[in-house]
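Colleague: The lines below spell out each chain.
Number of protein chains: 4
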Amino acid sequence: MSLLSPKEIVEKMIDQDAFSQWLGIRILSVSKGGCSIEMTVREEMVNGFRVAHGGITYSLADSALAFASNSHGQHALSIETAISHTSPVLPGDQLVAIAKELQSGQRLARYEVTVQRNYKTVALFKGTVFKNDTPWT
Amino acid sequence: MSLLSPKEIVEKMIDQDAFSQWLGIRILSVSKGGCSIEMTVREEMVNGFRVAHGGITYSLADSALAFASNSHGQHALSIETAISHTSPVLPGDQLVAIAKELQSGQRLARYEVTVQRNYKTVALFKGTVFKNDTPWT
Amino acid sequence: MSLLSPKEIVEKMIDQDAFSQWLGIRILSVSKGGCSIEMTVREEMVNGFRVAHGGITYSLADSALAFASNSHGQHALSIETAISHTSPVLPGDQLVAIAKELQSGQRLARYEVTVQRNYKTVALFKGTVFKNDTPWT
Amino acid sequence: MSLLSPKEIVEKMIDQDAFSQWLGIRILSVSKGGCSIEMTVREEMVNGFRVAHGGITYSLADSALAFASNSHGQHALSIETAISHTSPVLPGDQLVAIAKELQSGQRLARYEVTVQRNYKTVALFKGTVFKNDTPWT
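Those sequence lines, one after another, are chains S, C, R and B. This note's numbering applies: residue 1 is where the first sequence begins, and numbers increase by one. This note's numbering applies: residue 1 is where the second sequence begins, and numbers increase by one. This note's numbering applies: residue 1 is where the third sequence begins, and numbers increase by one. This note's numbering applies: residue 1 is where the fourth sequence begins, and numbers increase by one.
Pulled out of the complex, with its shape left as it was, chain S reads as follows (with noise of 0.2 Å):
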């Protein structure tokens, strides 16, 4: 078992992480199992019909299960993941991404990903991990 505090270990994800650094993620809180991010939507993120790229919610939404999932301090990769945009997003919008754990085995863990503006909902995202026996350190 990793020697980290689940804090410890998203705090050393993000610092590795480019591309969420690039989206701006900023994490506003995290628990063993799950965590809350955020970031603003940007000009440079908006695809043909100028709204949010579904790669944008996907992206944020997908960092909020790598942080979930790895804060038990086991390292964890995503098998599959699946999102529903419900609500189109436009620049400037702020973006909330609270990841919740709705099940964890030995080798397995499932969890839910709400992506809200405003508390209320724009995309809704699972994912299932796969834990191998690498600890964070």
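For the record, the hints were derived by calculation from the structure and aren't laboratory data. The reader is advised that the hints may include incorrect statements.
[Stated by the list, open to error] So the derived list for chain B, only partly shown, Cβ under 10 Å to chain S, looks like this: (1) Ile79; (2) Ala82; (3) Arg107; (4) Leu108; (5) Arg110.
Positions of the beta carbon are idealized from the N, C-alpha and C atoms, including for glycine.
Keeping the supplied structure of chain S fixed, place chains C, R and B upon it in accordance with the hints.
Modeller: Just chains C, R and B now, with coordinates in the frame of chain S:
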């Protein structure tokens, strides 16, 4: 129906798609309901494990879905997408995403996108879109 | 809109639903956009591993999706569903499926269904439906 | 590794699989990582819309996933599955499910299953399995 060809629609889309441009996406080919696009992974696209962030591969596949599903001339919006990352992607890797229409009805259509590096699959993506009545002009 | 109440719609649906009857599904509660239903797993429902076939838990959850999404009075059809089986289910187990509406727009709505045994989750299900203009009468 | 051939493993599985027998599933062909199976939809398999319950098509596809993924000789369990029902299925319809291995690693493997009626797709299914070390004997 649209007076634009599939290629003209996709060129129009990518012209206004700031995030696909940031990713460095290039169009290889476009047909009605399908496309091949490519990009090269850069250092600023990695996550805390020093491999490409899951959001990068997702974004490439999601752009391929958007181009393929809008190529018919009618606006199409993503309802639901899922991705499995099957092999780690590294900075310098050149990725090709190939979108193929699996089924197309009046309102709904399904696509699969295979993301490859040197003709070997690194991610499997599936997407469902909703078609509204707005034509591409 | 339908003149029938959510409960009347679901009773009408299950009356004509031969497979839900074969499964032994019983309605526990119905509300606009939600429902709880239950069933007991029988010997004839197991697979080659002597545990409940994945299709049994899926079918229970899919019925819950159908009841919850049609309860508003408008016909709703499944577009896309996904399930994670998180714990093996055995003959004799009593399963409860709880459907909850996550989001509902004019044409599309998303639901999650949790399948439980003794208040512990055995499967996580997510579904998206398409609503057409046919009312329940 | 197993001393049994893919065909012997699948025959062993279906012999003990009471629900696949109830469905009337017949094996058409088996190979390492793939299979084709068929069944005929009966009146007792319909839902409240008088079409085949979504759980019927799912169950057929899920059996195909189980047979294909266990055919290598190692026990494989479903982690995550998703299905899109693309065309209504009626009593009397003969369905064929074709399972194909998309990717296979040490612990995880991905499959797609296409369900067809008269060579036309009625459902698209994707599944991920986890392989443990128990051999088929």
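Colleague: Okay, which hints does this one fail, numbers in order?
Modeller: none
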